[in-house]
Each structure stands twice: as structure tokens, then as C-alpha cells.
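Participant: Chains L and V supply the protein sequences, listed in that same order.
For the first sequence, my numbering gives the first residue as -15, with consecutive numbering after it.
For the second sequence, my numbering gives the first residue as 35, with consecutive numbering after it.
Just so you know, these hints were derived from the structure itself, not from any lab.
Warning: the hint list may mix true and false statements.
Here are the computed lysine-lysine pairs in the DSBU-like style, where the Cα-Cα straight-line distance is at most 30 angstroms [claimed, not checked]:
| hint | chain 1 | residue 1 | chain 2 | residue 2 |
| --- | --- | --- | --- | --- |
| 1 | L | K152 | L | K182 |
| 2 | V | K345 | L | K344 |
| 3 | V | K252 | V | K273 |
| 4 | V | K130 | L | K152 |
| 5 | L | K82 | V | K262 |
| 6 | L | K334 | V | K300 |
| 7 | V | K262 | V | K130 |
| 8 | V | K300 | L | K287 |
| 9 | V | K130 | V | K246 |
| 10 | L | K82 | L | K251 |
| 11 | V | K219 | V | K190 |
| 12 | V | K352 | L | K303 |
| 13 | V | K252 | L | K61 |
| 14 | V | K246 | V | K195 |
| 15 | V | K300 | L | K303 |
| 16 | V | K423 | L | K7 |
| 17 | V | K252 | V | K195 |
| 18 | V | K51 | L | K411 |
| 19 | L | K61 | V | K42 |
| 20 | L | K(-9) | V | K423 |
| 21 | V | K190 | V | K345 |
| 22 | L | K334 | V | K423 |
| 23 | V | K171 | L | K82 |
| 24 | V | K300 | L | K82 |
| 25 | L | K287 | L | K244 |
| 26 | L | K303 | L | K287 |
| 27 | L | K334 | V | K352 |
| 28 | V | K477 | V | K498 |
| 29 | V | K300 | L | K344 |
| 30 | V | K497 | L | K82 |
| 31 | V | K300 | V | K352 |
| 32 | L | K61 | V | K45 |
| 33 | V | K171 | L | K334 |
| 34 | V | K352 | L | K344 |
| 35 | V | K300 | V | K276 |
The lines below spell out each chain.
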Amino acid sequence: MASTFGKPNIEHSNPLARTLLEKLDYDQLTNCMRCGFCLPACPTFNETGMEPASPRGRIAMMKAAVDGLMEPDEQFKDQMNLCLGCRACEPACPADVKYGQLIEQTKEALEEHAQHSAPVKIMRKTLFKGVFPKRGSMKLLGGSLAFYQKSGLQKVARGTGIMKLFPKHLAEMEQILPEASSKGVVERMGTFYAAKGKKVGTVAMFRGCIMDVMFADTNVNTVELLSAAGFDVHIPDAQVCCGALYAHSGEMEDARALAKTNIDVFKELGVDYIVSNAGGCGALLIEYDHLLAQDEQYREDGKWFAERVIDISTLLVEKGNPLEFADRSSQTEHVKVTYQDSCHLRNVMKGSSAPRTLMKNVANTEYIEMVESDRCCGSAGTYNVVQPEMAGSILEHKMVHADRTEASYMLTSNPGCLLQMKLGIEKHKPQQPMQAMHIVDFLHERMLCSK
Amino acid sequence: MITELISKQLKAIVGDKYFRTDQEALIAHSYDGTPMLQALPDGVIYPETTEQVSEIMKIASANRIPIVTRGSGSNLCGGTTPLSGGIVMVMHRMNKIIEVDMENLTATVQPGVITQHFSSHIEELGLFYPPDPSSMKISTIGGNIAECSGGLRGLKYGTTKDYVLGLTAVLANGSVIHTGGKLTKDVAGYDLTKLLVGSEGTLAVITEAILKLIPPPKTKKTMIAMYKDIYGAARTVSKIIKQQIIPATLEILDNPTIRVVDDFAKIGLPLDMAAILIIEQDGEPEMVERDIEKIYSICREEQADRLEIAKTREEAEKLLTARRSAFTALARLRPTTILEDATVPRSKIADMVLKTNAIAQKYNVNIATFGHAGDGNLHPTATTDARDKDEVHRVEEAFAEIFEAAIELGGTITGEHGVGVVKAPYLEWKVGEAGIEVMKGIKTAFDPLNLLNPDKMFAKQAKKRVVIQRG
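Next up, chain L with everything else stripped away, as it sits in the complex (with noise of 0.2 angstroms):
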């Protein structure tokens, strides 16, 4: 739909505004025709009930930011930053207006011009210039981390009440993170994985810098489960970040550099696909082509790999070889699974129904699916860190509808949904136990083929 009307003609005095103007795509602003069909999918408008905070007001906002119409002022900012970023506006919207572009545009302007307080600066550039680039910085926070777990230290930590200094949601996100390792995947498997039985297809795995530090056994137990459905697996050891964490936080120069590497990394391994078992890392792979739409040098290749991502469970179900799956535990009854949707896998991978399917095809189980389970958990990316309040009123709603699944396992396909489960479950505790896990180490362990 393109215009051959441009952008409006205004000198603006306010540099944000200014900026806005210069980045927001102003014919998407135009498509948003106000009809208010998003609404109903925006948690944080189902939240306050304030139309300010849904998708259409934020559109509304931004145009009238460009348009001279209002100043973009503290309170435009905060409005923006409430945004989840879970995208679930998009299909909803019968105009396909472009809202998770429009809101990282917004973010990137709101980026340059912002002024963050001198522990945040220090806290973004440790992580984003110094930790997630590297693999090495990784690895190490990977290794601390063990060491703090394993050390004793954590249990000190603890005991002396250590952890009430920090704020009371950053105490309780500490109580639940899983245990850290400093060995990743290639580190345990090497870089190649052999298909077992008939091999269907190559694929190169995405790691994902928390997954592997985290969840390095979900890793490995992604790299079985992909060799057993008949994948020959690369695991390139060169990868690097998603960039999706930059993206969403308006760092849009880094996270395209980072797209350029991983582009050169997989490109020259010339596979199928390339599988990712995070849907908020596979969401940000899956548009590189529209991040690098204005790079004259990678636009082809930046096509050339979204086309290849794909998420586990769809691979799974779509190209492999059919694998099965049982629970095995010796409860007469069968065993009840409920799945917490990711909202990138579901609304910008369009990845909702192969986790279902898969689940309801493991034996001696019930699939019970959980009343708004396409909606947000609040996790999403640092949301939980930074804009705690909404968070946890979100996660409040979320587990009442966990509880009334009576699932023993809440599983998710993606580690910021997982860790935010489990924080769920142990706030709200639910009548009965409850398990979060990633499915993937799920049906690793339900698998029933030889290995």
C-alpha cells in the first residue's frame, strides 16, 4: 500500500517529536482506521480498561505526536514503555496494520533521546554493548551464576536476608531462576548432531543467549529430539544474539549488526531450516528480512533467512519424521497438561497449533487448554524487570485461569514464559502442584523411540 502522499509537512520545535516524524512509517499511522477490533486482544487495555493504554491509542498518540497534534511528553513515554510488546494487537487487526514496527520505531526515537538515570546507563551497557554480544561474557554470567547457585553463596544470600535490599520482584524473580551452566550445547554436543532413522532434511539450531545459559539441557534435549524426527543438526558456534532484546529496548543499530553476523554464520552452512525454541528470539529471526528492508548489501540474505525460521514444535509436526510419545508415570489417571502460549511463537511466527497437536499426541495425557492461554503472561523480554506493577497484575489473572486447569504441567516454548510461570506458581500457588517446563524437555522425556 504504498502512498504517494508522504509524510506531513511540519517543522517541529520538539526534537522527540521531531524524531518520531522522521522514523514512524506514517502510511501504517494512516491504515489504523480506529475501528477498536484490537482492544479485546490488549492485555494492558483489559487491565486499566483505558483506552490510552490499548494499541489504537497508542497509534492515535503517535500520529498526534507527528501531527503536532500533542507534545510527546513523560507521559507519551510511559504509555509507549507499558506496551508488552506481545504483539497480539496484529491479528486481531483486519487492516494489518503493522503495530509491533510501529511500537519499535517508537521505542528507537524514544531511545536516542533518552536521558537514563546513571545505573540504568551502566546496567544497558554492561548488558547490551558488554554480555550479550559476547558469547564469552555469556558463558561467564553463565558461570557465575552456577557458581553463586552452587557455592553456598545463594543460600548465604538467602539466609542473611540479602535479597530484601534488592526490590521485592527482582528478590522473588531470583528465587526461581533454574540453574545457570557455563557449558552451552556445543559445548556438550560439539557443532554436528547426526539424524537417526531417515534423515528428511539439514537444520541449524538457534541457541538463544539465555536458553543456553539457563536451559542448556532444553538445548540439548532440542537437538535429540530434532535428530530423532530425522534432522541433521549444525549447532554454528559462531551465532550471537537474536538482537530481539536491542529491538525491543530501541537499540535498532545493534540488533542489526547482530542480524548481519548470524546472517553470514547460517548462510554459509546453506541448510533448510533453522530452528528456534524460543519464540521470542524465532519472532525478531523471522522478520530480519524487514530489519534489513533498507540494507542494500543484506536485503536478499535478510529474506533468505527469515524464509528458513521455523519454531521446534511446527518443524516438528510439519517435516519430521513422526515421532511418539507417552507419559510414563504409574497414576491410573492421566496426567493433565495445560500450555501457556508464547505471544511472538503465536502471533508473529503463527506457531499456535503445532504445540497443541503435539502435546494432545502424547499418550496417558489430557490436554486441558487454559482459558486465555493467547493471552500475555507479562513476561515479555525485561517487561517484568521494568514495569513490574502491570506485571504481576497480569500474572495474577493469568494463574486463577492455571488454577482452574487442575494441569500438573504449564508448559511454554519460551524461556521468558517459562521463568514467569514459575514465578506464578510459586506466588500464587496453585491448589494443585504444578510444574512449569519448556515443552520440548517434556516430550524429550515422553519420547518412546530408541535414541
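Model the placement of chain V on the given structure of chain L, informed by the hints.
Facilitator: Below, chain V alone, put in the same frame as chain L:
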């Protein structure tokens, strides 16, 4: 103007959080679902009870502040855009289903209840509330009552007005009236209930409604008929009614609509057809079978190219979903979508489709047509770009001629969206000068200071009628 003092008084009524004059609240309540319309209010208020609404109205009256009541702001006639500023009153906090009376088959609800929530709740209880506007996922019952919303089931089951038995409403001066009740018969005075339904927020603020519920139909059957000639489809509609069959749903989609709907909903509609009819009958199983059979043979007679009867409920729901997303799916063609609801007696459907096509051609604009063919309520929808002033002007001219054509055929300028500000200039064409005078008298009786949704319904000047070329 809202002074410090007024602001303080309003906050004292609803609480600090629920009266807002900050920038973001004003921007986010400056629009509704109507294209090319935006105006900033001076404040936004979120009441929780009838008493609060009454107190708010007293302050508004004393200070001559316009009040625009709003549900989800999804209307298409500019009904909730605050053109004269004032305060937008959002009814979202009044969203309770107060009671479902299984003995009298009524429900008592607050106006902020989302239509879909209400409908599903009623169905879970084994009852049925038929009005189903296409925006029901987000529209509120209060908004439905204010606009007298229709929907797909209008032909057989009627529209919102047929299901409102009683209302609690706050007048401009703050007094509270109760109309009707859990009653099928009630002739005590003028029928104020019916008068308030469809009054578009210009007469009173509705704060509670008693709604009629009916037993659900036992079975449903859905079919589609596809035509290479749109007039064959239109003749089919007239013929079905003439044979005294009243289907629950009788919808038409023309080719441009079929294309965009399929692109949106991905349900494999045939893209080479000029028109599709979606027909549903419900009721006792034998009657449903008999009617669908008869309709099937009528479609045949009118040269339907393909005929399919949905085998499962899922298949049927898919077809109905396709129809429900028609309006918004059209928005994918161009940035701006202008949808009207000119309505004619159902016997004139074929003529109206014909005239709409000719008018679109005359003004060189894109108009796709879909709608509730069975009740004569068509939705000619123009896809354009608000930034193209010349084209938008031609679209407006085309619609003026479409309204004129509808009236010529014994129809009306709006079947279910309301007059609001968009169709105010044409209201006189339909109701005449004397009709306008009576309506203005009613408005004055309810709201002498003209504070409730001013600028709506009555235009400062009626539009000059275009001359229709006959023959």
C-alpha cells in the same frame, strides 16, 4: 472550559483517577471508528454508578458543559467524536451483568458490558440474545442501544430495539427516569424506551437496561450460493422472501469483498464469482431442512454457479466469520474505508445494487458492496485515501447520490449505523422538514440546554438534494 473548581467537583464524584484532563486521555478520546473525524474533548470521565452519572450531569448542566457518552467508540457515524469539546463520558466501568431472570427471560445489564461477553454468557445459560453487530467483540450493549445496532440476524429476529424492555436513564438535568420494565405489555404513556433506543446519546445517558431473551433455536443450517452474475444473487434474495421463507441470515458479498475477505480469513472462497450469498436458517429441524431445500432450488433457478451446504458447525462458523470481517478486511485495499448503510425495502435489493454500481462508475470511485441483503440493509463501502482530497470529494458526492437513490426506492439513509454527524445533512431528505421539527421538539424536551451529544443528528444546514437522472 473546565475550571479548577469543576475539576475538583467531578473528581470528588468519581475519584481522582477517573476524571482526566491530561493530554493522553484527550487524544485517546478524540475519535471513534469514523474515518476523517477528530476533535479533542476538554476532559474524560469514567463513572461507576447511576448516582455518579446523575451528579455529573448536574454539574455539567450548571456549567453548560457538553457531555458525549461513549462505550468502545466503534461507531461509524461520528456518534462519539466530541465535536464541541466538553466531557467524554466513558461507560467501561459500568460493565456488570446485574441479573439474568430465568422466570421472566430477561437480563438486566449495565451499559458498558461488551456485547460478545453478554451473548456468550446468555448462551451458556441456555438462552439467546439475537442482536449481533459485526463489531460485537468490542461494542458495548450501551452503544448498541444508543445506535439501535442491527447485525446479521436482523431479518428474522429484528434489531436491538426489539430486545430492550426497559431502561434507566439520566436526563441532562441529572434526574433519573425508569422506562418500561420486565413487561411484554406496557402502554402507560409514551413509549420512552423505544424513543431512547437509537437516540444516539442526544436525549439521556442510559445507565441500565432490561433486555429480552428468547429460547435458542434447536438447529441451524448454513449454505452458500455463488453467482457469476450479481443480479442473479439479488433476484434470489427477493424470491426467497416472496416465497415467504424468512432465513435467520441472508448475506451478500460482491466480488471485491470476496477477494479481501478471503485474503484476511483464508477460507478458500472462490475468487472468480461476482457475488456470494450466505444463507442460514434456524429453528425446528424439519422446518430448517424444508426451507434450505426450497432455498436451494431457488438458487438453482436463478443460475447459481456453485452451491454448498456447510456440513459441520465449524464450516458454517467460518462462512459467518468471513462475513463479519468484511468491513475491516476492505481496509486492506486502501488506507481509508468509508462504509455506509443505505437500506431499501428488500424487494428492491437488485435495483439498489445496480444503482450503486452505476453511481460508483459515474464518480470513478471504488465501492464494494456487502451486507444484510435479506433485510435490504446494504453496506456500500468506498475504499479511498483520506489524503487524496479530490477523490474523497468524489466519494462524498457518490454517497449523496446513493442516499438519494435509496430514498427514491422507498428506503432510508441509514439502517443501523445511526445519523451521528456524518448523515445529519441528509436526515431531512428522509424525514422531511416537519419530521425534523418534531424531532427537535423532542430533543428540547429532554435536553433544553443542548448538552447531550450536541452537533449530532441535526445538521446546521440540510444538504441540497441532488437530482436523480431517471430512466
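Participant: Evaluate each hint against the coordinates.
Facilitator: Quick rundown of the hints versus the structure:
no.: 1; hint: K152/L <-> K182/L; in the structure: violated, 52 angstroms
no.: 2; hint: K345/V <-> K344/L; in the structure: holds, 25 angstroms
no.: 3; hint: K252/V <-> K273/V; in the structure: holds, 26 angstroms
no.: 4; hint: K130/V <-> K152/L; in the structure: violated, 34 angstroms
no.: 5; hint: K82/L <-> K262/V; in the structure: violated, 35 angstroms
no.: 6; hint: K334/L <-> K300/V; in the structure: holds, 14 angstroms
no.: 7; hint: K262/V <-> K130/V; in the structure: violated, 48 angstroms
no.: 8; hint: K300/V <-> K287/L; in the structure: holds, 23 angstroms
no.: 9; hint: K130/V <-> K246/V; in the structure: holds, 17 angstroms
no.: 10; hint: K82/L <-> K251/L; in the structure: holds, 28 angstroms
no.: 11; hint: K219/V <-> K190/V; in the structure: holds, 21 angstroms
no.: 12; hint: K352/V <-> K303/L; in the structure: holds, 27 angstroms
no.: 13; hint: K252/V <-> K61/L; in the structure: violated, 53 angstroms
no.: 14; hint: K246/V <-> K195/V; in the structure: holds, 10 angstroms
no.: 15; hint: K300/V <-> K303/L; in the structure: holds, 22 angstroms
no.: 16; hint: K423/V <-> K7/L; in the structure: holds, 26 angstroms
no.: 17; hint: K252/V <-> K195/V; in the structure: holds, 24 angstroms
no.: 18; hint: K51/V <-> K411/L; in the structure: holds, 29 angstroms
no.: 19; hint: K61/L <-> K42/V; in the structure: holds, 27 angstroms
no.: 20; hint: K(-9)/L <-> K423/V; in the structure: holds, 15 angstroms
no.: 21; hint: K190/V <-> K345/V; in the structure: holds, 23 angstroms
no.: 22; hint: K334/L <-> K423/V; in the structure: violated, 38 angstroms
no.: 23; hint: K171/V <-> K82/L; in the structure: holds, 21 angstroms
no.: 24; hint: K300/V <-> K82/L; in the structure: holds, 19 angstroms
no.: 25; hint: K287/L <-> K244/L; in the structure: holds, 12 angstroms
no.: 26; hint: K303/L <-> K287/L; in the structure: holds, 21 angstroms
no.: 27; hint: K334/L <-> K352/V; in the structure: holds, 19 angstroms
no.: 28; hint: K477/V <-> K498/V; in the structure: holds, 24 angstroms
no.: 29; hint: K300/V <-> K344/L; in the structure: holds, 25 angstroms
no.: 30; hint: K497/V <-> K82/L; in the structure: violated, 38 angstroms
no.: 31; hint: K300/V <-> K352/V; in the structure: holds, 10 angstroms
no.: 32; hint: K61/L <-> K45/V; in the structure: holds, 25 angstroms
no.: 33; hint: K171/V <-> K334/L; in the structure: holds, 22 angstroms
no.: 34; hint: K352/V <-> K344/L; in the structure: holds, 24 angstroms
no.: 35; hint: K300/V <-> K276/V; in the structure: violated, 34 angstroms
The earlier numbered hints that this structure contradicts are 1, 4, 5, 7, 13, 22, 30 and 35.
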